[in-house]
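**Q** Each chain, letter by letter, is given below.
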Amino acid sequence: DIVLTQSPTTMAASPGEKVTLTCRASSSVSYMNWYQQKPGASPKLWIYGTSKLASGVPNRFSGSGSGTSYSLIISSMETEDIATYYCQQCCSTPRTFGGGTKLELK
Amino acid sequence: EVQLVESGGGLVQPGRSLKLSCAASGFTFSDYYMAWVRQAPTKGLEWVASISYDGGSTYYRDSVKGRFTISRDNAKSSLYLQMDSLRSEDTATYYCTTVSWELGDYFDYWGQGVMVTVSS
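Going down the list, the protein sequences come from chains A and B. Letter 73 of the first sequence, counting from 1, is numbered 73 in the working numbering, and no numbers are missing. Letter 106 of the second sequence, counting from 1, is numbered 106 in the working numbering, and no numbers are missing.
These are calculated hints, taken from the structure and not from any lab test. Cβ coordinates follow ideal geometry from the N, Cα and C atoms, glycine included. One thing to keep in mind: the hints can contain errors.
Cross-link-like lysine-lysine pairs, in silico, DSS-like; alpha carbons within 25 Å at most [unchecked claim]:
1. Lys38/A with Lys106/A
2. Lys102/A with Lys43/B
3. Lys102/A with Lys52/A
4. Lys44/A with Lys106/A
5. Lys52/A with Lys38/A
6. Lys106/A with Lys65/B
7. Lys65/B with Lys38/A
8. Lys44/A with Lys102/A
9. Lys18/A with Lys38/A
10. Lys19/B with Lys18/A
11. Lys18/A with Lys102/A
12. Lys65/B with Lys43/B
Restraint ranges, calculated between C-beta atoms of paired labels, are given here [unchecked claim]:
13. Pro15/A with Arg87/B: 27 to 33 Å
14. Pro14/B with Gly16/A: 47 to 53 Å
15. Glu89/B with Arg60/A: 34 to 40 Å
Just need the whole structure built from these sequences, with the hints factored in.
**A** Next up, the structure:
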C-alpha cells in the first residue's frame, strides 16, 4: 500500500498568512487529491488531479507537486479555512489517505 | 443537487452482521462508480470498497475482503454495504461517495455518514 505522510500534523496560522501543507508518498503517484473536513461534517473534495480546484473552492487555494511530494497552498489564510485537510492518492489500489493536517487560527 | 443519504448503522455485537444503504438523488446514479469510505472515531479516512457502474466489478481493501460485500441497485439509485463478521476495528462512520475521473479518480460527493459501533 502507498503510505501518505502529511506534515505538519497540526499548524496554526494568522489571517492573511501564507500556508503550505505537505503530503509525501511512500511511492510515486500520478496525481493527488485533497479533502477538507470541518468538525462534525463530512469531508469535501477540495483539490483533484493535483492542482484542479473543486467547485466552489476559493482561488486562494492551490495545489502542486509530482512524484512523491505534493502541497496544498493557501495564499492568504482566512478564518473559514480552519479545518482538517487530507491528501489522497488517486491511482494505486487500495486508495489511501494521509493522516490529515489540522489547520487552526493563530 | 446531489444528495447521498446513508442509513442502517447502529450498535452491533462482534461477529454479527449489518447492512448499510445509501439513497442517491440529483444525478444519474448509473453513470457513476460508487464507494464506501470510513472514518474511525477521531481518526483519518480509509477507503473500504468501490463498485463499477453496473455492479459487475467490485474492489475491497484487504481487511474487509471476504467479510463485506458492496452492491448497487441502479433502478432504485441505491448503494449497499453488507458487513458480516464484524470486528471492533470496523467501528467507524461510513460515508457513501461518488467516484469521478479526471487526472486520476477522486471521491467527489459525500453523504452525511452513518455510525457503526461494534461492541459487546
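**Q** Each hint should be assessed against the structure and marked as holding or not.
**A** Outcome of the hint check:
About 17 Å separates the Cα atoms of Lys38/A and Lys106/A, which keeps this hinted pair within 25 Å; it holds. About 12 Å separates the Cα atoms of Lys102/A and Lys43/B, which keeps this hinted pair within 25 Å; it holds. Under the criterion of a C-alpha separation no larger than 25 Å, the hint pairing Lys102/A with Lys52/A is consistent with the structure, at around 22 Å. For the given pair, Lys44/A sits about 24 Å from Lys106/A by alpha-carbon distance, which is consistent with the 25 Å threshold.
Of the supplied pair hints, the one linking Lys52/A and Lys38/A holds, its CA atoms being roughly 21 Å apart against a limit of 25 Å. With a CA separation close to 44 Å, the supplied pair Lys106/A and Lys65/B exceeds the 25 Å bound. Distance check on the hinted pair: Lys65/B and Lys38/A sit about 30 Å apart at the alpha-carbon level, beyond 25 Å; violated. Pair hint Lys44/A plus Lys102/A holds up; C-alpha atoms about 15 Å apart against a cutoff of 25 Å.
For the given pair, Lys18/A sits about 20 Å from Lys38/A by alpha-carbon distance, which is consistent with the 25 Å threshold. Of the pairs offered as hints, the one joining Lys19/B and Lys18/A is violated, with about 45 Å between alpha carbons and a cut-off of 25 Å exceeded. The straight-line distance between the Cα atoms of Lys18/A and Lys102/A is roughly 15 Å, inside the 25 Å bound, and the hint therefore holds. Restraint check for Lys65/B and Lys43/B: the C-alpha separation of about 21 Å stays at or below 25 Å, so the hint holds.
In this structure, Pro15/A and Arg87/B break the distance hint of 27 to 33 Å, their C-beta atoms being roughly 44 Å apart. For the pair Pro14/B and Gly16/A, the beta carbons lie near 50 Å from each other, so the given range of 47 to 53 Å is met. A C-beta distance of roughly 38 Å is found between Glu89/B and Arg60/A, which places it inside the suggested range of 34 to 40 Å.
Checked against the numbered hints listed earlier, the structure breaks hints 6, 7, 10 and 13; every other hint is satisfied.
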